[in-house]
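Could you put together the complete structure from these sequences and hints?
Protein chains: 2
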Amino acid sequence: MSTHVFEQAIALTATGDGAYTGATSPAYANMIGPYGGITAATVLNGVMQHPALLGEPLSLTVNFCAAVADGTFELSAQPVRTNRSTQHWVMSLTQTDASGERQTVVTASAVTAARRDTWSVDDEPMPEVPAPQEVSPYTVPSPVEWIRRYEMRPVEGAIPDEWDGSGSGSLSRLWFRDAPARPLDMCGLAAQADVFFPRVWLRRATRVAAGTVSMTVYFHAGVAQLAECGHGWTLGQARAQAFRNGFFDQTALLWSESGHLLCSTHQVVYFKE
Amino acid sequence: MSTHVFEQAIALTATGDGAYTGATSPAYANMIGPYGGITAATVLNGVMQHPALLGEPLSLTVNFCAAVADGTFELSAQPVRTNRSTQHWVMSLTQTDASGERQTVVTASAVTAARRDTWSVDDEPMPEVPAPQEVSPYTVPSPVEWIRRYEMRPVEGAIPDEWDGSGSGSLSRLWFRDAPARPLDMCGLAAQADVFFPRVWLRRATRVAAGTVSMTVYFHAGVAQLAECGHGWTLGQARAQAFRNGFFDQTALLWSESGHLLCSTHQVVYFKE
Numbered sequence: 001m002s003t004h005v006f007e008q009a010i011a012l013t014a015t016g017d018g019a020y021t022g023a024t025s026p027a028y029a030n031m032i033g034p035y036g037g038i039t040a041a042t043v044l045n046g047v048m049q050h051p052a053l054l055g056e057p058l059s060l061t062v063n064f065c066a067a068v069a070d071g072t073f074e075l076s077a078q079p080v081r082t083n084r085s086t087q088h089w090v091m092s093l094t095q096t097d098a099s100g101e102r103q104t105v106v107t108a109s110a111v112t113a114a115r116r117d118t119w120s121v122d123d124e125p126m127p128e129v130p131a132p133q134e135v136s137p138y139t140v141p142s143p144v145e146w147i148r149r150y151e152m153r154p155v156e157g158a159i160p161d162e163w164d165g166s167g168s169g170s171l172s173r174l175w176f177r178d179a180p181a182r183p184l185d186m187c188g189l190a191a192q193a194d195v196f197f198p199r200v201w202l203r204r205a206t207r208v209a210a211g212t213v214s215m216t217v218y219f220h221a222g223v224a225q226l227a228e229c230g231h232g233w234t235l236g237q238a239r240a241q242a243f244r245n246g247f248f249d250q251t252a253l254l255w256s257e258s259g260h261l262l263c264s265t266h267q268v269v270y271f272k273e
Numbered sequence: 001m002s003t004h005v006f007e008q009a010i011a012l013t014a015t016g017d018g019a020y021t022g023a024t025s026p027a028y029a030n031m032i033g034p035y036g037g038i039t040a041a042t043v044l045n046g047v048m049q050h051p052a053l054l055g056e057p058l059s060l061t062v063n064f065c066a067a068v069a070d071g072t073f074e075l076s077a078q079p080v081r082t083n084r085s086t087q088h089w090v091m092s093l094t095q096t097d098a099s100g101e102r103q104t105v106v107t108a109s110a111v112t113a114a115r116r117d118t119w120s121v122d123d124e125p126m127p128e129v130p131a132p133q134e135v136s137p138y139t140v141p142s143p144v145e146w147i148r149r150y151e152m153r154p155v156e157g158a159i160p161d162e163w164d165g166s167g168s169g170s171l172s173r174l175w176f177r178d179a180p181a182r183p184l185d186m187c188g189l190a191a192q193a194d195v196f197f198p199r200v201w202l203r204r205a206t207r208v209a210a211g212t213v214s215m216t217v218y219f220h221a222g223v224a225q226l227a228e229c230g231h232g233w234t235l236g237q238a239r240a241q242a243f244r245n246g247f248f249d250q251t252a253l254l255w256s257e258s259g260h261l262l263c264s265t266h267q268v269v270y271f272k273e
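Residue numbers (the working numbering), protein chains in the order written: chain A, 1 to 273; chain B, 1 to 273.
Treat the hints as calculated values from the structure; they're not laboratory data.
Hints should not be assumed to be uniformly reliable.
Stated by the list, open to error - To be clear about the criterion: a stretch of chain B counts as covered by chain A if any three or more of its residues have a C-beta under 8 Å from a C-beta of chain A, and this derived list gives those stretches:
{"hint": "1", "segment": "41-54"}
{"hint": "2", "segment": "78-84"}
{"hint": "3", "segment": "117-124"}
Because the structure is a prediction, the values reported are computed rather than measured.
Yeah, the Cβ is synthetic: ideal placement off N, Cα and C, and Gly gets one too.
Shown next as structure tokens:
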């Protein structure tokens, strides 16, 4: 049995006291450094692997301080406060630069919680869209490797075919799933939360340099609910709310194929010009 | 000239190397501990007061690990990565408990940035609502002090008059401003981002224990744009997207009286039952 490329990419070696070592994976390479989603998943994996973990991920914030360099890194995941039913985590990813100095490339925080049965309701029902089997796959040749790690079927707001400055909206909806297929879990969902191409490309139909500065995921589904998703499709919806002075925000929702809201996720993104 | 009660509440004494001391203010007291917004503003103030600060706040995440006890606290705000135009901050607020141990009560992170002129557009225009002068003030007697620090004029989705379980939506819109009047600034906006009562109260028309676990603010307006707001009103809009297993999310937008989107802000909130 071979290990899924995602498992390889987020693999960590524990060196004690919440410290880990790992290495970037060429399978999830982006333009510069790895796909942000795989970095988010790796950082969360440091929490998931920690022997003191209480409960399941509830929220995750990842700040991208600098491009993660290809190669090895050190990760620290520390439980700084453990309550009866919630636990607060502080994480950081560091790399040693050419001059031998250790640099912080990612800071992050998470809350994990022992979740319980309560009154529940989804106020964001899944939009009415064609089933994934009825939607054509995204086939544009990609210049970056990580795109090939997701099978994508854009329903609305696909990446522009022509970069002619004609954009008018920032809403995208697409079906997607890990490629090759992989059962959905918390780290997999954290990675999927970053799957959307930069909203500024769609809004302007103009390709400019862009990169996530900070992202947050609020997990509505827990381990058991994700296990029910199996190899199913995820429906993602993302849009921007404001573009201003070199940054824009993105607000997004991810639903399971059966229509359960899995997470809400937000980010602020740098763009050039 | 007397100091505004907000300035007193977020005041810090620098003790060197990004360390500060401060104390909670009874003027912003909530049920247990201070209003979350004043804590967020205080933590951001540690960044604003730091001599190494580069640029202006772009994003802020505050994790509420435990109720802040009334009294003194220590705040640490450290710039962990300084780039050409962005700077990454890690903050924490600690208090000494009855047994003499120092406990983490808040963790936080922020990104500050030197912002520049670029193509800009707001994709979330201010909803059409009556002017603040045409809306009746919120006059329900409040059991907590911090509510009196904001003049509130609910347009839609006010706090229920009757707790009869009849709720059907989670959308609130209201005009509000600091009371007494205070020119809007970055810390003031961070505090305003937490002004909404728990969405679960509205959605269920049922009052249950609830408290913010983690909140994030993406600042679209900078120092200069906030200065233009002066003593003007803010329009806030908040809604939930999912309530599940003891937690719900809230997504919110704040506009200036003249219709500029000032920030988008999100939180995940604990609720009982």
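Structure-based check of all given hints:
no., hint, result
1, 41-54, "violated (count 0)"
2, 78-84, "holds (count 3)"
3, 117-124, "holds (count 8)"
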